[in-house]
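Chemist: Residues per chain are reported as follows:
There are 4 protein chains.
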Amino acid sequence: MSPAKIKVGILGATGAVGQRFVQLLQGHPWFEITALCASERSAGKRYADACSWNLRGGMPEALRDVILQDCEPGFDAQLVFSALPSSNAGEIEVAFAQAGYGVCSNSSNHRYDADVPLLIPEVNPEHLGLLDLQKRKRGWEGFIATNPNCSTTHLVSALHPLHQRFGISKVFVVTMQAISGAGYPGVSSMDILDNVVPYIGGEEEKMEHKEPHKLLGTFDGQEVRYADFVVSAHCNRVPVRNGHLEAVSVEFKQKPSQEEILQAWQSYQPLAQQLKLPSAPQPAIVVNPAQDRPQPRLDRLEGSVPGMATVVGRLRPDPLFHYKFMVLGHNTIRGAAGGSLLNAELIVAQGYLGAEAAAWADVLQAA
Amino acid sequence: MSPAKIKVGILGATGAVGQRFVQLLQGHPWFEITALCASERSAGKRYADACSWNLRGGMPEALRDVILQDCEPGFDAQLVFSALPSSNAGEIEVAFAQAGYGVCSNSSNHRYDADVPLLIPEVNPEHLGLLDLQKRKRGWEGFIATNPNCSTTHLVSALHPLHQRFGISKVFVVTMQAISGAGYPGVSSMDILDNVVPYIGGEEEKMEHKEPHKLLGTFDGQEVRYADFVVSAHCNRVPVRNGHLEAVSVEFKQKPSQEEILQAWQSYQPLAQQLKLPSAPQPAIVVNPAQDRPQPRLDRLEGSVPGMATVVGRLRPDPLFHYKFMVLGHNTIRGAAGGSLLNAELIVAQGYLGAEAAAWADVLQAA
Amino acid sequence: MSPAKIKVGILGATGAVGQRFVQLLQGHPWFEITALCASERSAGKRYADACSWNLRGGMPEALRDVILQDCEPGFDAQLVFSALPSSNAGEIEVAFAQAGYGVCSNSSNHRYDADVPLLIPEVNPEHLGLLDLQKRKRGWEGFIATNPNCSTTHLVSALHPLHQRFGISKVFVVTMQAISGAGYPGVSSMDILDNVVPYIGGEEEKMEHKEPHKLLGTFDGQEVRYADFVVSAHCNRVPVRNGHLEAVSVEFKQKPSQEEILQAWQSYQPLAQQLKLPSAPQPAIVVNPAQDRPQPRLDRLEGSVPGMATVVGRLRPDPLFHYKFMVLGHNTIRGAAGGSLLNAELIVAQGYLGAEAAAWADVLQAA
Amino acid sequence: MSPAKIKVGILGATGAVGQRFVQLLQGHPWFEITALCASERSAGKRYADACSWNLRGGMPEALRDVILQDCEPGFDAQLVFSALPSSNAGEIEVAFAQAGYGVCSNSSNHRYDADVPLLIPEVNPEHLGLLDLQKRKRGWEGFIATNPNCSTTHLVSALHPLHQRFGISKVFVVTMQAISGAGYPGVSSMDILDNVVPYIGGEEEKMEHKEPHKLLGTFDGQEVRYADFVVSAHCNRVPVRNGHLEAVSVEFKQKPSQEEILQAWQSYQPLAQQLKLPSAPQPAIVVNPAQDRPQPRLDRLEGSVPGMATVVGRLRPDPLFHYKFMVLGHNTIRGAAGGSLLNAELIVAQGYLGAEAAAWADVLQAA
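Heads up: the protein sequence lines correspond to chains A, B, C and D, in order. Everything in the first sequence is counted per the numbering used here, starting at 28 for the first residue and increasing by one. Everything in the second sequence is counted per the numbering used here, starting at 28 for the first residue and increasing by one. Everything in the third sequence is counted per the numbering used here, starting at 28 for the first residue and increasing by one. Everything in the fourth sequence is counted per the numbering used here, starting at 28 for the first residue and increasing by one.
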């Protein structure tokens with residue numbers, strides 16, 4: 028017999044990422060939505076009235092009449108997913124964690140806090156150990172866990188199996204990022220039709236100094252020691268709906284052969300995949316062998332769980348680094364809501380929501 | 028009193044680059060078109076009937092009734108501009124050079140011949156010295172001069188004043204290239220709408236191994252010694268009509284300050300500009316100070332001669348190289364037909380079409 | 028126990044419509060592919076080598092090594108789907124019908140033959156009676172059935188329930204058609220980026236004089252008497268990947284109320300839906316009540332079978348006709364390969380492939 | 028000797044239409060800008076600091092340091108161009124007219140006031156007679172004159188010579204409107220990339236009931252009697268930067284031949300062209316004979332004054348009306364700022380700004 032479903036709320040349910048949370052949670056085997064929260068302007072309205080749904084397939088029928096709540100603790104849920112804007116995510120997430128909720132956040136506010144895990148389940152599941160420290164230090168019943176920025180997520184996902192084996196020393200990346208990364212209404216059509224914008228505020232800083240180093244850092248039981256490679260990033264916005272494409276060049280501590288890199292990707296079978304978490308794609312990294320792939324339109328929904336895999340291709344020697352290749356991933360699925368969701372699944376499986384919730388992971392293993 | 032106009036023909040006049048030659052030669056102070064040449068399929072037809080004109084402003088009225096000729100020597104002209112496809116440009120250009128015509132070619136066939144100049148007037152005007160060697164060695168009355176590939180042109184234009192002063196040792200470039208670079212019909216809309224294609228056949232090889240090194244090489248009176256820096260290139264096609272945007276990182280033999288780089292660009296005043304050649308933009312390099320520029324749509328027609336300048340921006344330190352910045356330039360104007368045209372103007376000014384033609388340059392200086 | 032699967036071949040399997048046939052037949056409950064046929068240029072090659080697959084999800088693994096055959100009868104199948112170009116579809120389809128195959132064709136060659144059904148299962152299933160006449164008259168063992176042009180399909184699908192009840196006298200339609208309607212490579216990106224092309228060769232003629240009138244005509248047992256309303260069409264190509272959007276105005280023989288029109292659409296339950304054919308969407312027509320819908324991107328995959336429904340919206344009075352509204356439908360699914368597939372399902376269910384095949388329809392009814 | 032330049036201000040100078048006013052007034056032979064006005068938020072700032080310029084060519088150097096003023100009378104100018112949003116245009120324009128300024132407005136607030144001319148100089152110059160009534164009735168020293176909506180402007184421009192000769196009874200129009208019509212930031216890229224939106228708030232009402240009828244109405248010295256034809260409009264937004272394309276069908280009181288329609292367009296030589304007003308294109312209507320034109324990208328800048336002409340094409344019989352054809356025009360030039368500017372030129376030439384200003388018109392006639 029299955030355990031009871033785990034009740035979850037969504038903070039910022041009307042926005043672009045909030046809609047993705049709603050969409051991805053439809054039919055989820057473990058979680059059921061018990062609360063949709065929104066800003067004061069929308070709270071009290073029907074979800075169908077307050078939310079301009081713009082994903083294919085339309086708003087789930089069962090949620091149309093749900094009344095939006097304020098973003099305040101008090102409703103019946105163990106976990107909340109946060110799609111709040113950074114202008115108010117910081118305080119609200121703390122309030123929920125204090126009140127005993129687990130918070131899986133897509134917002135950047137707490138990503139770089141020393142006691143908050145910045146998590147990709149395939150990459151650094153051991154960083155979840157920070158949750159115990161966080162709760163103890165802050166005196167919280169609940170906790171906050173975060174997922175990285177959309178462009179960092181797929182870069183680091185592709186690098187992780189290489190870093191494990193060969194040690195990365197230098198990473199050069201030029202991104203071509205989709206418009207959906209800026210939310211809705213986000214990028215004006217006047218700015219991007221027949222154009223590329225070679226600037227995304229704050230993005231290069233995140234990639235160069237903050238996120239990859241924490242994600243690939245080592246947790247020693249007390250803190251995360253940042254990995255020590257150097258990253259250079261140019262970030263660009265292109266007229267593509269979904270899917271961030273990244274031109275990546277890498278230098279290693281020990282130079283592997285091209286075949287060893289392919290092998291590292293193809294044999295990659297990290298914990299999330301071993302645990303068969305519901306949103307973990309099998310495999311985590313898809314290698315496309317064609318000379319002109321990956322491409323956003325063709326490959327962004329690649330993978331056994333659409334939009335959750337990272338796709339790599341065009342591996343070849345680089346005259347200035349060791350190798351270069353292309354990385355592609357869906358920015359609003361794995362790069363945002365789907366990343367938080369997979370984090371939540373790992374958190375459940377690792378017992379951070381209690382033994383009853385963790386029983387779900389046993390169901391998977393038994394299957 | 029002005030000298031007589033110099034008669035010119037266009038080889039491959041019906042294609043995308045051929046149309047640009049026609050457009051740019053309208054009202055040119057030095058040149059007048061006396062022949063439009065096309066493939067066997069089109070020869071004998073009216074230009075208006077054989078050519079599907081797709082530039083704004085429409086086909087020049089005066090040329091609509093011109094009867095297209097075969098691509099064979101015999102007509103009255105001193106110079107021909109070649110917009111031929113590489114499948115047949117090689118032999119036809121040789122035939123014209125043998126027959127005494129000067130050939131200014133946008134095709135790649137002869138670009139890497141040791142005795143053929145690969146020319147950007149601002150960058151390596153002294154390479155024109157190869158023309159004497161070429162004529163002597165091959166026993167030709169005429170000659171062939173070429174311009175580089177569209178993505179190389181603007182990269183090297185931006186690098187030249189820096190290389191002159193500080194010596195370049197490493198160049199990393201990721202291009203985001205416009206669809207017009209593939210000609211017409213070129214890129215299928217099915218391949219590029221809502222997409223980026225991370226591959227352009229042959230493009231990375233040209234940038235990494237061939238063109239920048241020859242362009243920035245030194246001519247010792249006998250041959251061009253290739254410059255010895257290392258280039259790494261990722262080339263991508265984006266859904267932009269015109270204007271190649273390039274993310275560039277550079278390392279120098281002597282690291283300059285950021286201010287010195289800006290100063291090198293802003294004080295750049297090479298020979299073509301000193302000669303006030305009709306198609307030479309003043310200045311050759313435009314520095315856009317905004318944090319999100321250059322952008323293809325806003326800046327591709329930048330410059331005193333629209334589409335002939337190279338635009339740079341976003342200069343900043345690079346954690347892995349010395350500096351990084353963006354380069355933008357129009358690919359079918361300066362990067363193709365306009366590049367050939369400026370080459371022709373330099374060739375005239377330097378006397379390679381004879382003293383009578385060279386008198387045009389004196390007119391400019393007197394003005 | 029299920030009947031044996033019905034063996035089918037695909038003519039023109041490497042093109043855009045051929046790929047859709049392959050995709051839609053994956054996992055089809057009734058049909059299995061036994062032959063992939065292509066032009067001489069591709070025959071003899073592996074499917075993976077000859078076909079540049081450009082649909083999401085990639086080429087089905089099981090078909091990658093299939094060797095392409097010539098488009099000639101001889102292989103083991105009862106039915107072939109034709110995605111051939113009109114340049115050679117005419118003769119090849121006749122050869123297959125003569126050889127005893129049922130041919131379900133998306134090509135236009137035989138659409139207007141008096142004894143060939145032009146079929147939309149929801150609209151004119153009784154026209155299948157032409158198959159008996161066709162076989163008798165032509166002395167064929169097999170037969171040819173066709174589906175209409177992509178822009179006609181959704182227009183007529185939306186009009187049919189209205190025509191049944193109120194009688195249509197005038198139809199005014201302006202189409203905004205997707206690029207995929209022109210196949211691959213089809214529309215050059217140079218022609219359509221930042222543009223609309225107000226002309227599609229032959230399209231207005233098909234809509235004004237040929238297809239709607241035959242589709243909504245009455246079959247009297249001997250021939251199809253064309254319906255007698257008047258159609259005016261303006262056809263335009265827009266920069267949209269998939270989904271033809273049409274602005275439609277209609278005048279009726281008896282003017283219904285707005286409510287009656289909505290009711291006619293919402294209660295529409297034609298034979299294909301009653302039979303529960305595997306590719307028949309439930310409902311056939313989706314009414315979107317929002318004031319700014321349907322939209323291609325959001326609604327083209329609408330319906331219980333993605334891409335098979337017709338979506339209508341913005342119903343309102345028209346100052347010059349009775350009513351106006353928008354129609355949207357997927358052009359390469361229901362408008363091409365999916366239309367042929369649903370035709371084949373109806374043909375099977377109606378017994379035209381024999382009793383054994385027809386047993387599949389009984390399975391559905393029993394379910 | 029030339030008269031003194033006429034001083035003008037721009038209300039709403041930082042927005043999309045305001046920038047066009049600034050651009051079009053550069054180098055204008057009659058007008059010079061003496062004031063740039065903006066909202067409270069921007070007033071007091073340098074124009075370069077408050078305005079995010081997004082037209083090609085960049086902000087005019089001479090205006091970068093101009094300090095923005097409040098939208099209040101008091102500065103030295105005879106005329107103001109209003110690019111204000113409808114939320115506050117109504118009152119501000121009245122304040123300026125009361126204070127003695129001539130107001131040429133692109134806003135919709137006063138377009139339908141009985142004593143305010145809605146003006147296209149080629150179409151209804153005699154409606155300027157309303158200005159005398161307006162000043163008298165309202166007791167103003169100044170006045171307000173307006174130009175129509177962008178989609179109406181080109182429709183009515185194309186219809187006017189036909190209405191004059193043959194009398195229009197019915198007009199059916201389906202628009203495909205460019206994104207720039209919605210201003211900046213205007214249409215979200217998320218809404219329009221790979222999409223068409225079949226709804227533009229208020230647009231169909233303006234075209235069906237208000238603007239064409241007033242524009243083609245007759246001024247009897249006291250009031251404008253609206254023309255009595257019937258219009259039906261479907262309005263759509265398409266992913267095109269500039270240029271509204273319209274599919275038009277027309278029925279006349281007296282059916283002309285196709286040749287007579289062409290002749291009416293080609294011989295059209297209304298007052299604005301006879302007066303040789305600086306912004307009046309010669310000819311006013313361009314007939315493109317190609318079967319697939321006009322197209323927004325190729326033809327939106329058509330005309331002797333770029334973006335000021337109306338382009339027509341594809342004239343052919345219509346099965347439901349008399350004829351159908353396509354109309355194209357630039358929406359932010361002639362359809363907005365350029366329309367207001369030409370209105371101002373006519374107002375000057377007709378003496379409404381006094382005899383000294385009117386002397387400019389004599390200069391033209393003398394040329």
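Source of the hints: derived by calculation from the structure; they are not laboratory data. The reader is advised that the hints may include incorrect statements.
[Unchecked claim] Among chain C residues calculated to face chain B with C-beta under 7 Å, some are: (1) Y211; (2) V214; (3) S216; (4) M217; (5) I219; (6) L220; (7) I227; (8) G228; (9) R252; (10) N269.
Note that beta-carbon positions come from the ideal geometry of N, C-alpha and C, so glycine has one too.
Chemist: What are the numbers of the hints that this structure violates, sorted from low to high?
Modeler: 7, 8, 9, 10
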